[in-house]
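*Asks:* Here is how the chains run, residue by residue.
2 protein chains.
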Amino acid sequence: MATTIKDIASRLGVAVSTVSKGLNGAPDISEDLRQLVLDTAVEMGYKTKKMRKEEHKKLVIFVENMEFADEEDFGHDLILGFQQMAYRDNWTVNVVRVNSNFQSREKYSTYMLKHGYSGAFAMGFALQDLWMKQISKTDIPTALLDNYVPLNRNVGYVGTDSDEGINLAVKQLVKLGHKRIAFLNGSPNSWVSDRRQEAYENAIKENGLELNPALTAYGYYVADSARYHVPGMLKAGATAILCGNDLIASGVYEVCEKEGLKIPEDISVIGFDDIPLATEISPTLSTIRQDRLELGKCAYFTLNSLIHKVSISKTMLRPEFIERESIAKASKHSALKESK
Amino acid sequence: MATTIKDIASRLGVAVSTVSKGLNGAPDISEDLRQLVLDTAVEMGYKTKKMRKEEHKKLVIFVENMEFADEEDFGHDLILGFQQMAYRDNWTVNVVRVNSNFQSREKYSTYMLKHGYSGAFAMGFALQDLWMKQISKTDIPTALLDNYVPLNRNVGYVGTDSDEGINLAVKQLVKLGHKRIAFLNGSPNSWVSDRRQEAYENAIKENGLELNPALTAYGYYVADSARYHVPGMLKAGATAILCGNDLIASGVYEVCEKEGLKIPEDISVIGFDDIPLATEISPTLSTIRQDRLELGKCAYFTLNSLIHKVSISKTMLRPEFIERESIAKASKHSALKESK
Numbered sequence: 001m002a003t004t005i006k007d008i009a010s011r012l013g014v015a016v017s018t019v020s021k022g023l024n025g026a027p028d029i030s031e032d033l034r035q036l037v038l039d040t041a042v043e044m045g046y047k048t049k050k051m052r053k054e055e056h057k058k059l060v061i062f063v064e065n066m067e068f069a070d071e072e073d074f075g076h077d078l079i080l081g082f083q084q085m086a087y088r089d090n091w092t093v094n095v096v097r098v099n100s101n102f103q104s105r106e107k108y109s110t111y112m113l114k115h116g117y118s119g120a121f122a123m124g125f126a127l128q129d130l131w132m133k134q135i136s137k138t139d140i141p142t143a144l145l146d147n148y149v150p151l152n153r154n155v156g157y158v159g160t161d162s163d164e165g166i167n168l169a170v171k172q173l174v175k176l177g178h179k180r181i182a183f184l185n186g187s188p189n190s191w192v193s194d195r196r197q198e199a200y201e202n203a204i205k206e207n208g209l210e211l212n213p214a215l216t217a218y219g220y221y222v223a224d225s226a227r228y229h230v231p232g233m234l235k236a237g238a239t240a241i242l243c244g245n246d247l248i249a250s251g252v253y254e255v256c257e258k259e260g261l262k263i264p265e266d267i268s269v270i271g272f273d274d275i276p277l278a279t280e281i282s283p284t285l286s287t288i289r290q291d292r293l294e295l296g297k298c299a300y301f302t303l304n305s306l307i308h309k310v311s312i313s314k315t316m317l318r319p320e321f322i323e324r325e326s327i328a329k330a331s332k333h334s335a336l337k338e339s340k
Numbered sequence: 001m002a003t004t005i006k007d008i009a010s011r012l013g014v015a016v017s018t019v020s021k022g023l024n025g026a027p028d029i030s031e032d033l034r035q036l037v038l039d040t041a042v043e044m045g046y047k048t049k050k051m052r053k054e055e056h057k058k059l060v061i062f063v064e065n066m067e068f069a070d071e072e073d074f075g076h077d078l079i080l081g082f083q084q085m086a087y088r089d090n091w092t093v094n095v096v097r098v099n100s101n102f103q104s105r106e107k108y109s110t111y112m113l114k115h116g117y118s119g120a121f122a123m124g125f126a127l128q129d130l131w132m133k134q135i136s137k138t139d140i141p142t143a144l145l146d147n148y149v150p151l152n153r154n155v156g157y158v159g160t161d162s163d164e165g166i167n168l169a170v171k172q173l174v175k176l177g178h179k180r181i182a183f184l185n186g187s188p189n190s191w192v193s194d195r196r197q198e199a200y201e202n203a204i205k206e207n208g209l210e211l212n213p214a215l216t217a218y219g220y221y222v223a224d225s226a227r228y229h230v231p232g233m234l235k236a237g238a239t240a241i242l243c244g245n246d247l248i249a250s251g252v253y254e255v256c257e258k259e260g261l262k263i264p265e266d267i268s269v270i271g272f273d274d275i276p277l278a279t280e281i282s283p284t285l286s287t288i289r290q291d292r293l294e295l296g297k298c299a300y301f302t303l304n305s306l307i308h309k310v311s312i313s314k315t316m317l318r319p320e321f322i323e324r325e326s327i328a329k330a331s332k333h334s335a336l337k338e339s340k
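One line per chain: the protein sequences are D and V, in this order. Each residue of the first sequence is one higher than the one before, starting from 1 at the first, in the working numbering. Each residue of the second sequence is one higher than the one before, starting from 1 at the first, in the working numbering.
Hints are computed from structural coordinates only; laboratory data are not their basis. Accuracy of the hints is not assured; some may be wrong.
[Stated by the list, open to error] In silico BS3-like links for lysine-lysine, alpha-carbon gap of 30 Å or less: (1) D:K137 with V:K179; (2) D:K114 with D:K58; (3) D:K175 with V:K179; (4) D:K137 with V:K175; (5) V:K133 with D:K171.
[Stated by the list, open to error] Label-pair restraints from in silico Cβ distances: (6) V:E72 with D:S20: 49 to 59 Å; (7) D:A2 with V:L127: 43 to 53 Å; (8) V:T284 with D:K309: 20 to 30 Å; (9) V:P27 with D:E198: 50 to 60 Å; (10) D:N189 with V:T284: 39 to 49 Å; (11) D:E254 with V:P150: 33 to 43 Å.
Where a beta carbon is used, it is the ideal one built from N, C-alpha and C, also for glycine.
Kindly generate the complete structure, drawing on both the sequences and the hints.
*Replies:* Put into structure tokens, the structure is as follows:
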């Protein structure tokens with residue numbers, strides 16, 4: 001039998017009118033009590049008429065640690081692709097920016113229920129996020145970009161096959177004679193960064209090269225990180241630097257310029273993503289392309305399947321290695337030695 | 001510039017009329033010559049008007065090593081799910097049974113071109129199949145059930161996450177006190193069997209159990225295989241047997257009956273797939289369920305994406321562990337010892 005307002009009231013030991021106020025967001029009860037009412041309603045599977053009416057109409061895209069407002073931004077086309085598909089099926093799609101404060105204010109399921117969302121596409125979440133822990137056990141259909149949750153039939157992963165992308169890039173560098181290939185990865189504590197780290201290490205080993213800890217670091221997807229890590233990589237003899245995204249690569253460009261190193265003559269640089277920046281900088285950046293528009297579309301397909309009880313675990317797109325001006329044959333000596 | 005009949009004729013050193021006869025299947029040229037004309041046409045990227053007209057209308061499902069005619073059969077719902085989705089988009093779908101002879105008679109791409117198919121869904125292929133080698137380099141959109149091809153943007157994988165399924169099953173057995181869990185896998189030389197073997201070994205290790213080669217064997221998806229392998233597994237102390245599919249599990253039932261062992265009191269048995277047979281045998285079979293209707297639908301989604309140049313690498317469904325009568329607490333001694 002469906003849960004009623006009475007059930008919630010008796011569980012909480014409050015009046016039915018109080019529950020009703022809490023559910024309908026009336027201003028004359030405290031925020032704490034309203035929250036408790038909502039949390040309990042979710043726990044007991046209660047849905048208001050408004051929620052029921054709206055629940056097949058609204059989806060939400062949560063964005064964290066990621067820009068999307070400009071066409072240049074990584075998240076832009078992801079959202080566009082998702083919306084293009086969702087609108088065909090007459091969904092309304094809201095985009096909501098979240099951070100850790102936001103996540104600590106309200107439980108994931110409570111937020112979803114309160115706003116009558118049938119499902120969410122979450123982009124840019126970190127493994128230690130409060131909501132990620134809640135999502136790992138949620139019964140609300142949720143598609144995750146670059147994050148994988150085991151054993152939950154309501155949650156699906158969408159992403160690009162990093163393994164294949166990094167493999168293609170490393171192979172191309174090896175073909176050009178590079179032996180000391182550094183990797184300036186994205187953020188630690190991220191599922192996708194872990195996969196890429198593994199992929200990098202496998203590719204290095206498969207190509208008969210030596211793994212050197214001095215050649216890897218985390219760049220947090222920030223251009224500035226290059227300043228801290230690139231000098232050490234050059235000292236360790238790197239002749240090529242593979243980056244966790246194109247922004248990091250642009251930071252590597254700046255550091256190399258300061259060190260008096262020419263790209264690609266002295267050092268080869270490869271990005272990840274292929275955002276517009278990659279063709280705007282000089283020399284143009286070779287990169288591992290993710291088709292973000294298609295990723296967004298696949299995210300919708302995955303979410304829509306989950307909503308219809310088709311439990312997709314993973315949808316993965318193939319990356320493409322885009323060769324531009326930033327790579328060349330390895331110089332005989334390491335980049336730094338040659339430049340000194 | 002597009003290839004013309006003349007180009008093909010001059011490449012082959014034959015008359016234009018001969019090429020035309022070959023392409024149109026006229027009866028007055030030899031089969032060998034017709035084949036050569038077709039192969040050359042494919043190689044040179046030539047398409048007849050008929051091919052061009054039909055190519056956006058027809059898809060094909062190739063089936064090898066798999067039954068599908070009856071509702072009971074593993075392949076039945078896979079085909080149904082695929083067709084349900086494809087018909088909505090006005091595709092014609094043909095189902096073609098293939099074997100190694102069939103594959104050696106004609107190249108994959110030639111067959112596809114000749115029949116004007118825009119794409120294929122291939123079920124049940126083995127890694128060493130001639131066509132699998134051709135598919136690994138094909139430029140024709142192809143979705144593969146349970147087979148993965150690296151680096152080819154025209155080929156996508158569809159399957160169930162075996163890892164998660166086997167994990168769920170082994171965990172449940174461990175909870176019931178089982179320590180010697182055998183695995184009677186499907187066919188060797190199959191991508192999915194390799195994944196499952198890995199998954200089994202990981203699950204055994206993760207649960208702190210000992211890997212024992214005497215507890216694993218390949219059952220080729222055939223019930224009869226149990227006769228050869230189960231006695232040895234029992235001798236090695238197995239108290240539970242995990243099977244590559246439900247058919248193999250039914251074979252295990254027979255062997256256990258002959259050995260005087262009761263399921264589940266003396267030995268626990270788990271299948272894979274959840275075909276109708278699983279509830280028809282006694283005791284009813286616990287199994288790792290693959291939703292074949294949904295797999296078929298995902299195969300269509302993957303193929304349709306590939307046709308539209310969206311390069312999906314993998315679409316994976318979650319399995320479900322269905323607990324029925326065939327498993328119980330491990331007996332104190334190994335099954336065989338108790339029965340003797």
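*Asks:* Next, verify each hint and record whether it holds.
*Replies:* Taking the hints in turn, this is what the structure says about them:
1. D:K137 with V:K179: holds (29 Å)
2. D:K114 with D:K58: OK: D:K114 and D:K58 at ~12 Å, within 30 Å.
3. D:K175 with V:K179: Given that 30 Å is the threshold and the Cα spacing comes to 49 Å, the pair is violated.
4. D:K137 with V:K175: holds (21 Å)
5. V:K133 with D:K171: holds (22 Å)
6. V:E72 with D:S20: 49 to 59 Å: holds (53 Å)
7. D:A2 with V:L127: 43 to 53 Å: Holds: the Cβ-Cβ distance is about 51 Å, inside 43 to 53 Å.
8. V:T284 with D:K309: 20 to 30 Å: Once the Cβ atoms are compared, 23 Å apart, the range 20 to 30 Å for D:K309 and V:T284 holds.
9. V:P27 with D:E198: 50 to 60 Å: Holds: the Cβ-Cβ distance is about 58 Å, inside 50 to 60 Å.
10. D:N189 with V:T284: 39 to 49 Å: Given range 39 to 49 Å: holds, Cβ gap about 44 Å.
11. D:E254 with V:P150: 33 to 43 Å: Taking Cβ atoms as reference, D:E254 and V:P150 lie about 35 Å apart, which means the hint holds.
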